[in-house]
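Once you've looked at the hints, dock chain B against the given chain A.
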Amino acid sequence: MLVPLLRQFLSQYARPIALLLVFQLVQTIAALYLPTLNADIIDKGVAQGDTGYIWRVGGMMLLVTLVQVACTIAAVFLGARVAMGFGRDVRRAQFVQVESFSQQEIGTFGAPSLITRATNDVQQVQMLVLMSLTIMVMAPIMMIGGVILALQQDVQLSWLLLVIVPVLAAVVGLIISRMVPYFRAMQKKIDTINGVLREQISGIRVIRAFVTEPRERRRFGDANTDLYETSVRAGRLMAMMFPAVMLVMNLSTVAVMWFGGHRVDSGEMQIGALTAYLSYIMYILMAVMMSTFMFMMVPRASVAAERIRGVLDTDASVVEPLQPRRDTEHAGVVRFEHVSFAYPGAEKPVLHDVTFEALPGRTTAIIGSTGSGKSTLLNLVPRLYDVTDGAVLVDGVDVRDLAGEDLGALLGLVPQKAYLFTGTVADNLRYGKPDATEDEMWAALDVAQARSFVEELPDGLASAVAQGGTNFSGGQRQRLAIARAVVRDPRVYLFDDSFSALDYATDAALRAALQPRTRRSTVIVVAQRVATIRYADQIVVLDEGRVVGTGTHAELLETCETYQEIVYSQLSVEEAA
Amino acid sequence: MSDQKPTPGEQASPAAAPERPAVQAPPRRRPGGAGGGPFGGMGMPAEKAMNFGPSLRRIARYLGSERWRVVLVALLTVASVAAAVAGPKLLGSATNVIFDGVTSKMLAQYFPAGTTSAQAAQALRDQGETTQAGLVESMKGLVVGEGVDFHRLAVIIGWVIAVYVAASVFQWIAGRVTTMVVQNTVRRLRDEVEAKLHRLPLAYFDKQARGEVLSRVTNDIDNVAQSMQQTLSQLVNAVLTVVGVLAVMFWISPVLALIALATVPVSVWVATAIAKRSQPQFIQQWASTGRLNAHIEEMFTGHTLVKVYGHQRSAIEDFDAENEGLYKASFRAQFMSGIIQPAMGFVGNLNYVLVAVVGGLKVATGQMSLGDVQAFIQYSRQFTQPLTQVASMMNLLQSGVASAERVFELLDADEQTPDPVPAVEVGPVRGRVAFEDVSFSYTPDAPLIEHLDLVVEPGQTVAIVGPTGAGKTTLVNLVMRFYDVDAGRITLDGVDTRDLTRAELRSNVGMVLQDTWVFKGTIEENLRYGIRDGRTVDEAEFVAAAEATHVDGFVRTLPDGYATVLDDEGSSVSAGEKQLLTIARAFLADPPILILDEATSSVDTRTELLVQNAMNALRRGRTSFVIAHRLSTIRDADTILVMEHGSIVEQGTHDDLLAAGGAFARLYASQFAGAVEDEGDAVVGAGPVPPQAG
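Sequence order for the protein chains is A and B.
Residue numbers 7 to 583, in the working numbering, belong to the letters of the first sequence in order.
Residue numbers 5 to 698, in the working numbering, belong to the letters of the second sequence in order.
Pulled out of the complex, with its shape left as it was, chain A reads as follows:
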């Protein structure tokens, strides 16, 4: 998983990487040349007491060092550029991918996991790339240099290399293969930590109200201990890596000494060659050490890469049409044609053969008991999910044939859970219409019965909104969410039980104010209260995912048993409590 990810995202950096390799090559050669100059200073300079020679060669040495420093800095520059650019690109690719997801894919991964994948996981791979580019590329150069020089000294003895290298590979491979599962578990456990904390923060009032801090602390403690234990196990294996490699390498020098000794004794090898051979083995050892450092990072990075690919390779279940229909004029007629919908893997469909039409200038209400599929039905219009069977049409065009942007521009959704974004009140209203003027915003707030409380805010439209809108009450939040849809002036309004947190007076005033605004728009309202919808031009009654009645309040009171039940139950609530 690691290699394809690297290949995909590093290919565009081929040039800087090539340049970097050149710099690293020069740098490494300079580094290999320095010991020779070292030796010269000692043998010819210090030994002879020739200060002039020392200065000369010393100067030369500094010059070589300067070249080396310059090349290293250039390499570091390029390396940092490429590695950080790589991280940026991968993060972006993931974010863009997730933006294309439907609610379903988000649910499958879980938001906490998607967040870790986009930051922590990318961080792991990015560090590996950086280390590889700045340090590890030297390893093969040193390794090859070492092997060539060793072969020059004695070919016969080099069978040892044929033993050492596979043994080393086996040791490193064994440890890594054992580490991978731990790292996989570790990233998952970071997800869990993320998830628990996210819940704790969003549920902080409930936690405090029920005094369940001790229980939450235990829950987090368990997740923490879990992560700790896995980290310790992974860490222990990691601790084994370096000593094991060192041991193999050290024992190979011993082997060189023993077998070389025999060759020297039999006169097949010079003693000088033996010491030289040893120092070249040391070069190889250095190179191996460097790559070991990298191999220590590889397992975690490859798990991270796997998780990143998991996101990138997941196809959104709701896909943009290849050739979107753009030719139609939009009036806002929404038509459900024999629509069925089932959540993937679910046995029973949520919606079953639903057919109705919502017309511009009319209000269509959907009513039914909890779990009857009202919200799901509404979610099919903006393609939060796609139908399993049948079709949802807007002005005669299947929503699946419309570009997401065009479709979205027609709709103004007020979700059940009024979610506001961090920023200001104005920012949130402009979410509905980016170029909304102040007047337009106030007009929308008027409709949503939100003017008075926004006016009372110290900074008015510029007042801050906390994440999710938690610094507003439920009713205020809902009204702001409605204003956000109203300012958009959409062809089709979708209200998903959006009036539930409002008191009756506000509810009524809001509906009255909405009327002139929606004279030419299609309004689809999902509601619980009969009062909210009784004046609707058309009421669709759902029961267990099926349409059991369509008509006006009066008609349905006559004909639809389920509707009657709903109405009478509410009356009894209102009156008899």
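Just so you know, the hints here were simulated from the structure itself, not pulled from any lab data.
Predicted model, so just to flag it, every value in this text is computed and none were measured.
Heads up, some of the hints might be wrong.
List of simulated lysine-lysine pairs, DSSO-like, C-alpha gap at most 30 Å [to be verified]:
1) B:K109 with B:K93
2) B:K200 with B:K524
3) B:K524 with A:K194
4) A:K354 with B:K93
5) B:K200 with A:K195
6) B:K93 with A:K50
7) B:K524 with A:K195
8) B:K280 with B:K332
9) A:K194 with B:K200
Short derived list, chain A residues pointing at chain B, Cβ under 8 Å [what the hints assert, rightly or not]:
10) F15
11) Q18
12) I47
13) L120
14) T125
15) S237
16) T428
17) A560
Interface residues of chain B toward chain A, partial, derived using beta-carbon atoms under 8 Å [as the list claims (entries may be wrong)]:
18) G105
19) I165
20) G364
Don't be surprised by glycine CBs; every beta carbon is placed ideally from N, CA and C.
The following block gives chain B in isolation, referenced to the frame of chain A:
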């Protein structure tokens, strides 16, 4: 929460106030960014300069509890360094044995086999070959013609193997112990952060984007761990090597040692000069990571809206802006700190040439032997190498400290006022709640509640009505002590609630909030959530509660029943069902005082009737505060508080208030005008519930 009499500068901004939005506007991120997707990272203090030293010491203090392990790591490192140094020395003597063998073979051309080294040396000296005689004489065990003494070689090699194995084993154990040290510390950090979250005032969470807090616990702490893991072992190793080598150098030549020592301040200067420039970049890098995390978190949470409102593009644009910022900061940080190593290498080479020149002069003037200078030059290499290592570790260390500071910043955030010690224990609560001359405001300049007096006798129901935003939730917040009153006091059974621990107070109050909240776990776990530790609820009671709140019905239709796992978004159940679950949760908690905050608003009306009945049963014998929008739910309340613009404008029973013809009467009229005018007869016909004056 905040102090009772908060000074304007100190008081935490009450952004959490549900009915009253924050007044102290956190700095806006992009004033001109019209509609470009509001974005997280508010309330974050501007990136502060790093307190490198103090923060490092603070990390070191965390290691304090691990000091024996740290000492063990140091000892093991000493042992493994010693063994690693001894290895090449022993290997050198192995070379000598081979060299002896070669020499003995060579000498066999001139001397009969079996001649000892002393005899051969004497013979050579006699021939006038004094240099070779000295060499041969030094090879003590040499016997002419024997060749390489493989027995001796085997013994030496055996030792070398033993030493190397020992070095590796020491290193391995040191690595394991280091892992323990690091993981223990990091686990403690995570634990402290989480514990801290429970002590922070609610306002904190409204100012801080959730993703930002999460980033500190995952990304930053992870970075601290990785930095520590690598620096801890290497730092000990490097420092030991520097100290050891320096000692040997002074022993050989103090003058040259001083020259070498001069490298240290230069190195430190170079390293700090670079570090000074890279530090802000590291701070920036991790701050950007936090902001990016916050943006991602918010966009993923509000995904539906982003999609339907067609804001994917602006979400991506905002992401790009932050992402680019992170890219730039991390590039600069990595580049700057990456310069340290080559720069240090240059300083090392400079030092090398200097030592060679001065040493060469000393040899020329006969002050020092060639061998000593040669050894010294080798040592000076060994000296600068770990110095470079330490300097380049600054890189990791800076990154780690930058992350640690972000964690410390969270740990140092102002907490709510601590619980009193010793706290009053109320014992079994009767449920008398009294507001005595209570004044409260979220901000000093906007008074909200002033001089409120209210007594709720045990078992009474108080209904709070009024338009949305009138301050109803604030009243409840004060009962729960989510906020503390500014003046006056609230008592529970005559005891000031501030004299109780928050846990004691809240465990006597059951609350059903507007915002339903379920956590990842089974339905049963979610329902049992409110049950106090030590209280057991058996299966029959559990099912009875579930039935009473109409949870049982829909749960039984789910394939896994009560074992159905809810995810954190709670998407496997509808909003209404979620509401039922939270009601059942309060039911099972069985508290003497109950707060119902618009709890039934998302439940369909058929279910609502049944829930109402269950709620009435639940309210029996309990002091209840009901925030309701439907007047029908409160007709039998003992007291109705009518709130407008943060103050109580009317107070009385249903009938009293209707008769008074004030705000409540208007509210009442508007509700029925807007809602059920056709059924008006029915409403009137239902008749008023007999007043139960309280």
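Hint check, G364 (chain B) versus chain A [nearest Cβ-Cβ separation less than 8 Å]: holds (4 Å)
Status of the hint placing F15 (chain A) at chain B (closest C-beta pair under 8 Å): violated (13 Å)
Restraint satisfaction for I165 (chain B) [CB to CB of chain A, less than 8 Å]: Constraint on I165 (chain B) satisfied, holds at 6 Å.
Given hint L120 (chain A) near chain B, where the shortest CB pair must fall under 8 Å: It holds, given that the least Cβ distance between L120 (chain A) and chain B is near 6 Å, below 8 Å.
Status of the hint placing Q18 (chain A) at chain B (closest C-beta pair under 8 Å): Hint on Q18 (chain A): violated, closest Cβ of chain B at ~14 Å, above 8 Å.
Status of the G105 (chain B) interface restraint (C-beta, 8 Å, chain A): Since chain A brings a Cβ to about 6 Å from G105 (chain B), closer than 8 Å, the hint holds.
Satisfaction of hint between K194 (chain A) and K524 (chain B), Cα-Cα up to 30 Å: holds (15 Å)
Distance restraint between K200 (chain B) and K524 (chain B), which requires alpha-carbon spacing of 30 Å or less: holds (22 Å)
Status of the hint placing A560 (chain A) at chain B (closest C-beta pair under 8 Å): Violated - the Cβ of A560 (chain A) stays beyond 8 Å from chain B, reaching only about 10 Å at its closest.
Interface restraint verdict for S237 (chain A) against chain B (beta-carbon cut-off 8 Å): Holds. Min distance 5 Å.
Straight-line alpha-carbon gap K280 (chain B) to K332 (chain B), limit 30 Å: holds (17 Å)
Hint validity - I47 (chain A) Cβ closer than 8 Å to any chain B Cβ: This interface hint holds because 5 Å falls under the 8 Å limit.
Violated hints, in rising order: 4, 10, 11, 17; the structure is consistent with all others.
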